[in-house]
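**Student:** Protein chains in written order, with UniProt numbering: chain X, 1 to 418; chain D, 1 to 418.
Calculated directly from the structure, the hints in this document are not laboratory data. Predicted, not measured: the structure shown is a model, and the values here were computed from it. Warning: the hint list may mix true and false statements.
[Stated by the list, open to error] Computed far set for chain X versus chain D, every beta-carbon distance over 10 Å:
| no. | residue |
| --- | --- |
| 1 | P75 |
| 2 | K85 |
| 3 | E88 |
| 4 | L144 |
| 5 | F394 |
[Stated by the list, open to error] As a list, the in silico EDC-like pairs of lysine to aspartate or glutamate whose alpha-carbon atoms are at most 16 Å apart:
| no. | chain 1 | residue 1 | chain 2 | residue 2 |
| --- | --- | --- | --- | --- |
| 6 | D | K17 | D | E88 |
| 7 | X | K218 | D | E205 |
| 8 | D | K229 | D | D303 |
| 9 | D | K322 | X | E280 |
| 10 | X | K189 | D | E248 |
| 11 | D | K89 | D | E280 |
| 12 | D | K189 | X | E253 |
| 13 | X | K283 | D | E182 |
| 14 | X | K189 | D | E247 |
| 15 | D | K189 | X | E248 |
| 16 | D | K25 | D | D12 |
| 17 | X | K244 | X | D234 |
| 18 | X | K208 | D | E215 |
| 19 | X | K85 | X | D166 |
| 20 | D | K208 | X | E205 |
| 21 | D | K92 | D | E401 |
| 22 | X | K208 | D | E205 |
| 23 | X | K243 | X | D166 |
| 24 | D | K189 | X | E247 |
| 25 | D | K208 | X | E215 |
| 26 | X | K322 | D | E280 |
| 27 | D | K261 | D | E280 |
| 28 | X | K189 | D | E253 |
| 29 | D | K283 | X | E182 |
| 30 | D | K85 | D | E182 |
| 31 | X | K214 | D | E205 |
| 32 | D | K408 | D | E120 |
| 33 | D | K261 | D | E247 |
| 34 | D | K214 | X | E205 |
| 35 | D | K218 | X | E205 |
Note that the Cβ used here is the ideal one computed from N, Cα and C, for glycine as well.
Number of protein chains: 2
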Amino acid sequence: MDKDLYEFLTIDTTSAKGKGVEGAKYLVDYMKDHNIEAELIQHKAINPYIVGEINVGANMTLLVYNHYDVQPVEPLNKWNTDPFKPTEKDGKIYARGVADDKGSLMARLQTIIEMAKEKELKVNVKFLFEGVEEIGSPYMEEFLKDYKDRLKSDFVLWEGSGRGPDGAPEIVLGVKGLLYVEITSNTEKDLHSMYAPITRNPAWELVKFLNSLKEGNKVKLPGFYDNVKWLNDDEIKLMRGDKKGMEEALAQEVPSDFMRKLVEEPTCNIAGIQSGYTGEGSKTVIPSSAFVKIDFRLVPNQDPEVVLDSLKKILPNGFQLKVWGKVKPYRTSIKSRIAKALIESARETYGQDPNVIPNSPGTGPMEYFARILNNNEIADGVGVDNVGSNIHSFNESIIEEDYRIAKKWMRLLLQKLS
Amino acid sequence: MDKDLYEFLTIDTTSAKGKGVEGAKYLVDYMKDHNIEAELIQHKAINPYIVGEINVGANMTLLVYNHYDVQPVEPLNKWNTDPFKPTEKDGKIYARGVADDKGSLMARLQTIIEMAKEKELKVNVKFLFEGVEEIGSPYMEEFLKDYKDRLKSDFVLWEGSGRGPDGAPEIVLGVKGLLYVEITSNTEKDLHSMYAPITRNPAWELVKFLNSLKEGNKVKLPGFYDNVKWLNDDEIKLMRGDKKGMEEALAQEVPSDFMRKLVEEPTCNIAGIQSGYTGEGSKTVIPSSAFVKIDFRLVPNQDPEVVLDSLKKILPNGFQLKVWGKVKPYRTSIKSRIAKALIESARETYGQDPNVIPNSPGTGPMEYFARILNNNEIADGVGVDNVGSNIHSFNESIIEEDYRIAKKWMRLLLQKLS
Numbered sequence: 001m002d003k004d005l006y007e008f009l010t011i012d013t014t015s016a017k018g019k020g021v022e023g024a025k026y027l028v029d030y031m032k033d034h035n036i037e038a039e040l041i042q043h044k045a046i047n048p049y050i051v052g053e054i055n056v057g058a059n060m061t062l063l064v065y066n067h068y069d070v071q072p073v074e075p076l077n078k079w080n081t082d083p084f085k086p087t088e089k090d091g092k093i094y095a096r097g098v099a100d101d102k103g104s105l106m107a108r109l110q111t112i113i114e115m116a117k118e119k120e121l122k123v124n125v126k127f128l129f130e131g132v133e134e135i136g137s138p139y140m141e142e143f144l145k146d147y148k149d150r151l152k153s154d155f156v157l158w159e160g161s162g163r164g165p166d167g168a169p170e171i172v173l174g175v176k177g178l179l180y181v182e183i184t185s186n187t188e189k190d191l192h193s194m195y196a197p198i199t200r201n202p203a204w205e206l207v208k209f210l211n212s213l214k215e216g217n218k219v220k221l222p223g224f225y226d227n228v229k230w231l232n233d234d235e236i237k238l239m240r241g242d243k244k245g246m247e248e249a250l251a252q253e254v255p256s257d258f259m260r261k262l263v264e265e266p267t268c269n270i271a272g273i274q275s276g277y278t279g280e281g282s283k284t285v286i287p288s289s290a291f292v293k294i295d296f297r298l299v300p301n302q303d304p305e306v307v308l309d310s311l312k313k314i315l316p317n318g319f320q321l322k323v324w325g326k327v328k329p330y331r332t333s334i335k336s337r338i339a340k341a342l343i344e345s346a347r348e349t350y351g352q353d354p355n356v357i358p359n360s361p362g363t364g365p366m367e368y369f370a371r372i373l374n375n376n377e378i379a380d381g382v383g384v385d386n387v388g389s390n391i392h393s394f395n396e397s398i399i400e401e402d403y404r405i406a407k408k409w410m411r412l413l414l415q416k417l418s
Numbered sequence: 001m002d003k004d005l006y007e008f009l010t011i012d013t014t015s016a017k018g019k020g021v022e023g024a025k026y027l028v029d030y031m032k033d034h035n036i037e038a039e040l041i042q043h044k045a046i047n048p049y050i051v052g053e054i055n056v057g058a059n060m061t062l063l064v065y066n067h068y069d070v071q072p073v074e075p076l077n078k079w080n081t082d083p084f085k086p087t088e089k090d091g092k093i094y095a096r097g098v099a100d101d102k103g104s105l106m107a108r109l110q111t112i113i114e115m116a117k118e119k120e121l122k123v124n125v126k127f128l129f130e131g132v133e134e135i136g137s138p139y140m141e142e143f144l145k146d147y148k149d150r151l152k153s154d155f156v157l158w159e160g161s162g163r164g165p166d167g168a169p170e171i172v173l174g175v176k177g178l179l180y181v182e183i184t185s186n187t188e189k190d191l192h193s194m195y196a197p198i199t200r201n202p203a204w205e206l207v208k209f210l211n212s213l214k215e216g217n218k219v220k221l222p223g224f225y226d227n228v229k230w231l232n233d234d235e236i237k238l239m240r241g242d243k244k245g246m247e248e249a250l251a252q253e254v255p256s257d258f259m260r261k262l263v264e265e266p267t268c269n270i271a272g273i274q275s276g277y278t279g280e281g282s283k284t285v286i287p288s289s290a291f292v293k294i295d296f297r298l299v300p301n302q303d304p305e306v307v308l309d310s311l312k313k314i315l316p317n318g319f320q321l322k323v324w325g326k327v328k329p330y331r332t333s334i335k336s337r338i339a340k341a342l343i344e345s346a347r348e349t350y351g352q353d354p355n356v357i358p359n360s361p362g363t364g365p366m367e368y369f370a371r372i373l374n375n376n377e378i379a380d381g382v383g384v385d386n387v388g389s390n391i392h393s394f395n396e397s398i399i400e401e402d403y404r405i406a407k408k409w410m411r412l413l414l415q416k417l418s
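Modelling step: build the complete structure from the supplied sequences, incorporating the hints.
**Tutor:** Encoded structure:
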């Protein structure tokens, strides 16, 4: 196992538990030891940001974004090894963070250092490593605004990726956006259900409202699909997915065009609903309150503000609405230089076509980078994980060989970008 | 205050706390002391039944059904007086059970005893006093089956009643039925909501199913209204209700024909619903389970078994259904002899027309009495409570004068029935 990676993995950087400073110091010292100008910046988040730079006097600059914090390890009794004592077994490395995201970070960083030493680095590199990604990157928008001059760059290499379901390298060009709301209907007090013929029932009101939001899989919010940028045939052609593997992962059937749907379709999901008596047995009550939590996943070029306005317009009188989250979607063009460089370098590294996904089905703060840093060249590639990596779960692992391959991919990418 | 009532009220008979035997003994002794053949019967319920009889050799027999148990007094700090130390103030008597149901029981019992002494009793009287009504009358169906010969009668006087919202005496001729079910939809496991475009969401499935059950106020279950016996104009004419008083009680607007709706309309009520994340803030999850608790209140001549069958037929594949309760509706004809006797005796007692309600909007085990005792003459009248009696709540009370009036009403009723 790589000695530097090993040391980095032994440091507990569980941001949810307030840990991370030690890992940040290790990282910034490591960078300085290898002749990178680097600095810890204590901004508003609990863990410091690391900003660094190697300027080789090139025309082009790549910003490498990664995170050094990890998810909590619990339940600890499900781990076969100590999560902070990296262990090799059967060609794999087991440790918390080895797949998400310390492995990718270190493979990229080492490659850049090596190429700089060899005078082979023909592109300037900037670094932004954060320590609060696993708790939702709070203050990222503010941080980018405060440091946008220092982070100016031509390309951004996003934080993760690795091998997709069929073993091919995966390149992700964007993220979905999010609107998370809670909607409530109330009356003054709970009532005996004998009054049902003459009184309001907030649970029924909410059911009726929710029903009006969807028909089959279609979201009925006025204008919801107006701005959606549907995928073209070229984009669809590049995506591959293993239906059987996906069905095993989700423990249910999925449609045959599941990859297209995952990437392309915006959603309206009930994440939680509650009203009235939910204990054992029966209670005949008309509840005085009912609420639902809904997440809308949005695709380019939807805007959470526009969706929110549309929702407010159809909200029945007396319903309350609370917004818990708003993130804009983002997608880099497959014709961008970074996409091309990622695709070509992946193909040369792996000897096979990469799986190019226009956007993740999940959400991330990519749009902040694009907007605030004024940069449309942002994509996710050069990672060490695979579908069996157990990210966020116990027994997190990577295939040891993938660490070596990721460094090769990084080297080729840097060459393509120069 | 009546001495016997006072003593009876001092005995704690909170069935939910396992109390009642002492009250039962007091009552059976009281009855025996006044020359009523009476017996404690320890059946399957925690508190004994009291069965008694005064046979005056008449052609007709009235069964008087009441309960001697009471609801828990908590919260005790909201009472202005000791709930088991009956207190007179401003023309009212305050005590737990004075309105529900010890006051009615004692007023009826004393009147029967007095009339027997005076040789004025021209109808045989049987008594059934139970001690577990406040915990749902468990085993009542079995008890009636086991003792149906001893309870044979021509009329049944149900347990409660009193003054309605406008001060007029209230006569209730029946109860609604009930079907209480819990319906669940499941998948194997919770999923990240990014998979929403390709996976099932049990919460959405349940919302869609619930929506199919109702349109406006109409229940869409096939055949739901087929057997409903709608009220006729005569029945509607006799019902009166104070709209303003009802709106104050429920803290919301009610329709102008609220009394008719309460009595006549069967309902489908969401009593509880739950799925997914319901804590503070946001969690983007596709829940693996969703359930709803529904009570259907049924009117004559609906049958909970028929409604259940209809529900099962439209239940989507994979949904689970659990039945928590089934009670049949029941309604005595307004043309029955007991209804006529109650109406006439109430009019003479109060000098005003009674409020005659074809059935309560609530549910009770009246149908057992009708079916097992083979008796269609069952109605609720001659009570001591009023809309301000705080039944089941703190500071339960009756108007002292109403106790004297109830005895007068009982006397006239017994005369009419003979």
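**Student:** All the hints need checking, so say for each whether the structure fits it.
**Tutor:** Consistency of the hints with the structure:
1. P75: Nearest chain D Cβ is 16 Å from P75 (chain X), so the label holds.
2. K85: Answer for K85 (chain X): holds, closest chain D Cβ roughly 29 Å.
3. E88: holds, 30 Å
4. L144: Answer for L144 (chain X): holds, closest chain D Cβ roughly 22 Å.
5. F394: Consistent with the label, F394 (chain X) stays out of reach of chain D, its closest Cβ about 16 Å off (over 10 Å).
6. D:K17 / D:E88: Distance ~27 Å between K17 (chain D) and E88 (chain D) Cα, so the pair is violated.
7. X:K218 / D:E205: Within the cut-off at roughly 14 Å; holds.
8. D:K229 / D:D303: With a Cα-Cα distance of about 12 Å, the restraint between K229 (chain D) and D303 (chain D) holds, given a limit of 16 Å.
9. D:K322 / X:E280: Holds: K322 (chain D) and E280 (chain X) sit about 12 Å apart, inside 16 Å.
10. X:K189 / D:E248: holds, 12 Å
11. D:K89 / D:E280: violated, 48 Å
12. D:K189 / X:E253: holds, 13 Å
13. X:K283 / D:E182: holds, 11 Å
14. X:K189 / D:E247: At roughly 12 Å apart (the allowed maximum being 16 Å), E247 (chain D) and K189 (chain X) satisfy the hint.
15. D:K189 / X:E248: Given pair K189 (chain D), E248 (chain X) holds - Cα atoms ~12 Å apart, limit 16 Å.
16. D:K25 / D:D12: Status holds; Cα separation ~12 Å.
17. X:K244 / X:D234: violated, 24 Å
18. X:K208 / D:E215: holds, 9 Å
19. X:K85 / X:D166: Given pair K85 (chain X), D166 (chain X) is violated - Cα atoms ~30 Å apart, limit 16 Å.
20. D:K208 / X:E205: Roughly 13 Å between the alpha carbons, so the hint for K208 (chain D) and E205 (chain X) holds.
21. D:K92 / D:E401: holds, 8 Å
22. X:K208 / D:E205: Distance ~13 Å between K208 (chain X) and E205 (chain D) Cα, so the pair holds.
23. X:K243 / X:D166: Satisfied, since the Cα-Cα distance of roughly 10 Å is no more than 16 Å.
24. D:K189 / X:E247: holds, 12 Å
25. D:K208 / X:E215: holds, 9 Å
26. X:K322 / D:E280: Roughly 12 Å separates the two Cα atoms, so the pair holds.
27. D:K261 / D:E280: violated, 39 Å
28. X:K189 / D:E253: holds, 13 Å
29. D:K283 / X:E182: holds, 11 Å
30. D:K85 / D:E182: violated, 42 Å
31. X:K214 / D:E205: holds, 11 Å
32. D:K408 / D:E120: This hinted pair holds, its Cα atoms lying about 13 Å apart.
33. D:K261 / D:E247: holds, 15 Å
34. D:K214 / X:E205: holds, 11 Å
35. D:K218 / X:E205: Holds - the C-alpha atoms of E205 (chain X) and K218 (chain D) are around 14 Å apart, at most 16 Å.
In terms of the numbered hints stated before, the structure departs from hints 6, 11, 17, 19, 27 and 30, listed from lowest to highest.
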